[in-house]
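Peer 1: Model the placement of chain B on the given structure of chain A, informed by the hints.
Quick note, the sequences are listed as chains A and B, same order. Mapping to my numbering: the first sequence position 157 is 157, numbers consecutive. Mapping to my numbering: the second sequence position 137 is 137, numbers consecutive.
Honestly, the hints are just simulated from the structure, not real lab data. Heads up, a few of these hints could be off.
A pair holds if it fits inside one copy or across any two, identical chains being indistinguishable in the list.
Cross-link-like lysine to aspartate or glutamate pairs, in silico, DMTMM-like; alpha carbons within 25 Å at most [as the list claims (entries may be wrong)]: (1) LYS275 - ASP47; (2) LYS275 - GLU121; (3) LYS275 - GLU108; (4) LYS275 - ASP187; (5) LYS275 - ASP52; (6) LYS275 - ASP63; (7) LYS275 - ASP393; (8) LYS275 - ASP235; (9) LYS275 - GLU323; (10) LYS275 - ASP113; (11) LYS275 - ASP140.
There are 2 protein chains.
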Amino acid sequence: MLSVSEARARVLDGIRPVGHELVPLLDGWNRVLAEPVAARLDNPPADISAMDGYAVRGGDTQDGAALRLVGEAPAGHPSAGTVGPGECVRLFTGSVMPDGTDAVLIQENAAVDGVSVRPTEPVAAGRHIRRAGQDFASGDVVVAAGRRLGARDIGVIAAGNHCWLTVRRRPRVAILATGDEVALPGDPIPPGGVVNSNTPMLASLVRTAGAEPVMLPAAPDDVEAIARSAAGALDADLLVTLGGASVGAYDLVQPALARHGLEVGFWRIAMRPGKPLMHGHLRAGDRNVPVLGLPGNPVSALVCGLLFLLPALRRLGGEENVEPELELATLATPLPANDQRADHLRAALGRDEAGRYLVSPFTRQDSGMLRRLAASEALVVRAPQAPPAAAGDTVAIIRLDRHGL
Amino acid sequence: MLSVSEARARVLDGIRPVGHELVPLLDGWNRVLAEPVAARLDNPPADISAMDGYAVRGGDTQDGAALRLVGEAPAGHPSAGTVGPGECVRLFTGSVMPDGTDAVLIQENAAVDGVSVRPTEPVAAGRHIRRAGQDFASGDVVVAAGRRLGARDIGVIAAGNHCWLTVRRRPRVAILATGDEVALPGDPIPPGGVVNSNTPMLASLVRTAGAEPVMLPAAPDDVEAIARSAAGALDADLLVTLGGASVGAYDLVQPALARHGLEVGFWRIAMRPGKPLMHGHLRAGDRNVPVLGLPGNPVSALVCGLLFLLPALRRLGGEENVEPELELATLATPLPANDQRADHLRAALGRDEAGRYLVSPFTRQDSGMLRRLAASEALVVRAPQAPPAAAGDTVAIIRLDRHGL
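This is chain A alone, in the form it adopts within the complex (with noise of 0.2 Å):
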């Protein structure tokens, strides 16, 4: 059985982003950055004063000196003529230097009678002035490609002047759940049916990486059937399954997805929970689709979704970084020894007195308990043959409360 990174470095491996699209500067929050973007000016565009004050020759603030104030220059409203020796003008945060001078006496420093201003303090040559171009200046890159743009990206871009942004387009990402047993929430269940939260959860997760869920409609435990729904992931981007993807005798999917090309990859990793993990792609003529078969228990699905699904959804969208994060924390119990498979054991998380991350896995572990995994703040990992650890003892965790998981 493969190791989950090497597992997830293979799923990795066969994705190449999306292509690229434009948007308006305000809808590109949040997507990821097709191609660097390069400032169109120089930041600040002139030498602009840094406070509020007085534009001075800094050669002139000596003690006792009365410069004659000649003007004044808000933000917006540069002054035009040059300032001769023993003069100033009035200015503040932003206001573009006057030619002439060469520093700002701060306001908090000057005695004012009129027209004259006497400086209580010298102020050297250059002080409180920002320098044109001191934040960046035209032609330097203020945002890389491949990162998924925050509110201080579309501010950078912005003050770059910058209107359009070149972003991937959003990954259209095919889900399709099986089973005889399953029935969307509100349609009737059959006997001894389930509801299926697989299908909802899933393309909410699918949200979370800025991708657009295509829901395919559940297929029964039916070769056919299971074809048929499939047959909607042909021009998709990936396709999820859920459940059915093992090689049991009411594992359909892999024959039912044969019909359309499947190559598999590997079915199975050593990990808990979430044994059956199929990889594949959907290959024919220059068509492949990369194919994630994820459990059909949604506490295995989700926790696959997190570990596999989601890294290839952001490389698919053209991040850069598409690991899990992994934090450390304090264990508040022990744990016993691991087994031969990773385990991904739910948690609740909190903090010590000094403010540490401190975890407590949940003593039962049953992948059948969704709410308990809703409830969780945290996964800890558990390497394949780890020993015991005592409480007190650091372990990796993941945090679950965040990414809109």
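Peer 2: Structure of chain B alone, referenced to chain A:
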């Protein structure tokens, strides 16, 4: 001057959550639940098998026994009759336990020969069964009100058989930039002017909280013009102004908003960057619109937005947890003692060999440097009068590379 936490408490005190609306389950992702959701059925709906194997009476599985295979009950196809002594039924993960059986003999422990099944190990009554209602029982609250719904929440709500949700409507947040010198990206820039990065950046910040930005036309430094544009905020849930909120000669926001009934709560706090933060309410008749006046400097606007606006938006949107989350990190370089204002140092965040956060505040903390803010992974939070800190000390940080910031 107010402390950051006192100021935030005052801002939050003045906020009432917005009303609710109904959305389809799938649109509930990343929305804030307005009412608790109680399950409409038991999950599992009946005792089901946790494994692939055979439904048996545990007492029948002693050494040397041979059980008669009398049927098969795949998931979704419960077996109708009662299983008698010495009999067994083939079943799979998720199959309903047939009447008369009390344990699952996993297939790895069964030697099968035609219709004869020989246990290679005895199995105790109750083994490998998920009990009806073990995950949740009908009527159990599966998700509490006030929670921003993640994929796991959507999953457990679906499992509880809900296809509609009552969530908070999206707060409408008006954004009004002021200043003679600002021009939107792509628009003509006046002499001595700069690009208005604040409006798009703050609109994006508003989106991080799931709220809807209403961008008002930027107003020049003129009381009439600011009051006119601010009229667009009278039916909003909150007004954010950018620049001009202090009490200097060109700080016209307070007099302009006075025409709409502004009552000022406070207008400066002991922090850096961003001292001039104004808070108040537009009050007239039964109208009461909270106002947050952020500094015009983009770096200060973003940091104040993170510390004050974002918690206010979360409270407005009905969320329970609204405060910025602090993490602990090891300082990579020493820091001098802090003065009387809380400081928020832009910093790069890495990991040490053990995987712990290692934070490196930038040497230059000029609040004119928006590109540097965009490239920062964290803010180091320094309390007023904090003593000098050495490399290796633990400091509090706020991560910036999350939550769409």
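Peer 1: Of the numbered hints stated previously, which ones are contradicted by the structure, given in increasing order?
Peer 2: Hints 4, 6, 7, 8, 10 and 11 are the ones this structure does not satisfy, whereas the remaining hints hold.
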